[in-house]
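A.B. asks: Taken in order, these protein sequences are the chains called A and B.
Once you know that position 209 of the first sequence is 209 in full-length UniProt numbering, the rest is easy, because the numbers rise by one and skip nothing.
Once you know that position 136 of the second sequence is 136 in full-length UniProt numbering, the rest is easy, because the numbers rise by one and skip nothing.
Rather than coming from a laboratory, the hints here were simulated on the basis of the structure.
Please note: incorrect hints may appear among the correct ones.
You can't tell identical chains apart in this list, so a pair holds if it fits in one copy or across any two.
What the hints assert, rightly or not - Below are the DSSO-like pairs computed for lysine-lysine, each with C-alpha atoms no more than 30 Å apart in a straight line: (1) Lys407 - Lys303; (2) Lys324 - Lys74; (3) Lys22 - Lys303; (4) Lys74 - Lys407; (5) Lys212 - Lys74; (6) Lys212 - Lys22; (7) Lys54 - Lys22.
2 protein chains.
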Amino acid sequence: MVTRQDCITLDQQDALAACRDKFALPEGEIYLDGNSLGAMPRHLPARMQEVMVKEWGNGLIRSWNDANWIDLPKRVAGQVARLIGAGKDEVMVADSTSVNLYKALVAAVRLNPARKVILSERGNFPTDLYIAQGVAEIFNLEIRYVDSTPEPVLAGLDDSVAVVMLTHVNYRTGQIYPMQEITAKAHAVGALALWDLAHSAGAVEVDLNAAKADMAVGCGYKYLNGGPGAPAFVFVAERHHKDMRQPLSGWHGHVRPFEFVLGYEPAPGIESMQCGTPPLLSMLSLESALEIFDGVEMSALRKKSVALTELFIKLVDEKLSPYKFGLASPRDSAVRGSQVSLTHEQGYAIVQALIARGITGDFRMPNILRFGFTPLYVSFANVYDTAQAIAEIMESGEWNQDKFLTKKAVT
Amino acid sequence: MVTRQDCITLDQQDALAACRDKFALPEGEIYLDGNSLGAMPRHLPARMQEVMVKEWGNGLIRSWNDANWIDLPKRVAGQVARLIGAGKDEVMVADSTSVNLYKALVAAVRLNPARKVILSERGNFPTDLYIAQGVAEIFNLEIRYVDSTPEPVLAGLDDSVAVVMLTHVNYRTGQIYPMQEITAKAHAVGALALWDLAHSAGAVEVDLNAAKADMAVGCGYKYLNGGPGAPAFVFVAERHHKDMRQPLSGWHGHVRPFEFVLGYEPAPGIESMQCGTPPLLSMLSLESALEIFDGVEMSALRKKSVALTELFIKLVDEKLSPYKFGLASPRDSAVRGSQVSLTHEQGYAIVQALIARGITGDFRMPNILRFGFTPLYVSFANVYDTAQAIAEIMESGEWNQDKFLTKKAVT
């Protein structure tokens with residue numbers, strides 16, 4: 001049996017333990033929802049105060065030059081590139097994940113115009129499927145939905161497929177899809193591979209170029225801690241830059257955006273994936289937040305992440321066996337992201353009871369208790385305390401109160 | 001001849017003079033570029049500090065409910081609606097102006113599928129034309145470009161036109177297009193009318209519903225002072241809500257975004273114009289900035305705006321006649337927005353020389369000196385000092401220095 005002291009010892013041995021102090025988590029908070037909204041780096045309020053007072057307030061329009069706002073999307077993209085195995089000229093930071101997915105998906109189907117199928121899995125994050133439905137309607141394509149494991153995806157890849165679009169780490173289960181294998185099979189049948197890294201970037205090791213991925217998108221506000229609704233990123237492999245055309249042909253993607261010529265001419269590189277003026281306050285927050293990753297290797301983060309999730313599963317086995325929880329995440333760490341999802345018919349109320357105790361996970365329909373273990377700020381003692389709290393909540397029936405059973409708008 | 005004392009007297013009589021103190025303009029700054037980036041409301045840094053520390057840092061994911069982030073786009077839309085003559089359920093705040101234009105333009109051409117022409121004027125803001133080019137390519141449409149005055153636009157409206165897309169106040173000249181007349185002609189020939197209010201919202205009186213406008217978009221960071229790259233807005237008249245379909249079908253536009261069902265089903269109203277998670281820091285800044293307009297009538301702002309631009313033109317006539325300036329803006333205040341544009345072959349260097357004196361306007365290719373007069377914070381004395389400074393710069397040849405002649409990335 002794992003003891004709390006064992007976990008404290010693990011924290012004492014943790015080379016990443018000091019990272020936790022870089023975040024402004026409330027006293028006593030155990031925050032296991034960084035896969036929904038990352039915690040705030042402690043230095044962010046001071047930086048944003050500087051942005052407000054100095055860059056906007058005093059610098060005004062001059063800050064486009066004097067504070068280098070003009071280079072910001074490219075600069076932040078460079079920070080993200082290292083974390084996902086991309087060249088710095090293959091990534092752009094812009095818009096939301098959904099909007100970037102639209103751009104990338106249209107660009108992909110235009111690169112493969114004879115094909116009529118978008119392949120995805122029916123458990124993909126809904127907005128990915130919704131965006132695909134919008135693209136399919138316009139380009140008269142079919143979406144082939146397969147079951148939510150790698151085998152049906154591989155089996156679904158044939159020479160009718162234009163592009164396979166998958167979220168690398170499934171948001172509900174944390175299952176990792178094998179990027180290299182699926183991309184290779186896609187290429188073998190003449191399809192492109194587009195990866196959503198929303199639950200990967202900053203949490204698991206990703207090497208887009210080693211996997212020969214064609215395109216990718218990802219989120220700035222989960223494991224990258226960029227702030228609520230932080231801008232997203234989009235990757236296109238350099239080999240496609242010459243021929244790619246995305247449909248949101250706004251001025252920031254123009255080859256000479258400030259010459260104000262009549263005709264749209266896309267920038268030759270990844271710059272063409274931009275559209276309008278970026279939300280600078282949100283993007284400057286993301287830039288500053290990414291400094292947390294300076295000097296941190298993704299391999300070290302992944303190692304701690306696996307240790308955290310393995311510990312949690314072990315504790316669930318030890319403490320929760322009487323209470324009819326299921327494990328929705330893979331038991332094999334090699335194919336599990338930085339989260340553990342349990343199932344329980346009273347999942348919603350149990351999550352609310354945990355929140356009332358200062359332990360924040362989230363609930364996903366219909367019965368998933370989702371716990372994200374951000375290795376930058378979650379400790380081994382946090383993991384122990386969470387499992388122990390669930391056991392106490394079940395043992396005492398604490399979850400069974402009206403205030404925990406009534407659903408809120410967003411959880 | 002107008003004297004500086006005359007202008008000081010005008011300021012003393014100005015009912016809106018107190019609004020200037022609500023902005024954190026640097027000491028001595030004369031800021032005539034609010035049509036590019038609005039000045040910062042003085043209360044914004046404290047509000048954003050609260051957002052960072054309290055809402056993100058302490059509230060974390062709970063702030064979606066506890067700080068009502070979930071209602072933010074709708075709430076901000078309500079603030080904008082009053083300024084543009086729209087119902088509060090006809091406006092949504094989301095994404096950038098360019099992205100919103102894409103949504104609205106596609107929705108418009110889908111409402112009018114038998115028509116094959118998008119009508120615009122060749123002097124429209126480039127991103128509007130670039131977006132239209134992207135839409136035209138996908139839907140196999142033609143763009144009909146006409147000259148940049150109302151008459152060719154009216155003449156260009158025939159029964160081949162799906163939608164006429166115009167910027168209400170032209171960004172270079174400040175010319176106001178007659179919204180009511182053009183919209184009526186559009187409807188008479190079976191076309192829709194889509195208006196870009198980038199240089200209108202918060203600066204001139206706009207009544208979208210009185211004009212029976214079909215759709216509109218606009219900018220949050222110019223006269224609305226929302227902060228650099230603040231989110232934009234989109235309007236669709238209520239009569240189109242039932243049938244409109246925009247292509248960026250992301251989860252935030254879904255009728256039940258948090259039920260995570262497989263198929264996209266658009267929300268029944270203006271909510272369907274949303275796509276992904278909004279950039280909350282930028283949007284919270286916009287929300288707070290819009291409080292400046294509480295208790296301010298657009299009619300009063302417009303009256304002062306006209307007085308400022310009329311004064312400037314009068315001073316240009318009086319002081320600059322020896323120096324070969326042209327007036328690119330209409331002389332008739334009724335069809336001029338909140339800016340005055342001059343032309344001069346040395347326009348770029350003259351603007352730089354003004355900036356060096358603490359007077360910020362901007363330059364637009366090929367020869368336009370553009371001065372935006374935001375009635376909330378520009379004084380009549382500012383107008384006098386600007387005209388006087390230009391006269392001195394021309395008289396002394398101060399503009400003719402290498403440091404003013406060399407172009408920067410963004411101006």
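A.B. asks: Which of the numbered hints above does this structure break?
C.D. replies: Of the numbered hints given earlier, those the structure breaks are 1, 2 and 6, listed in rising order.
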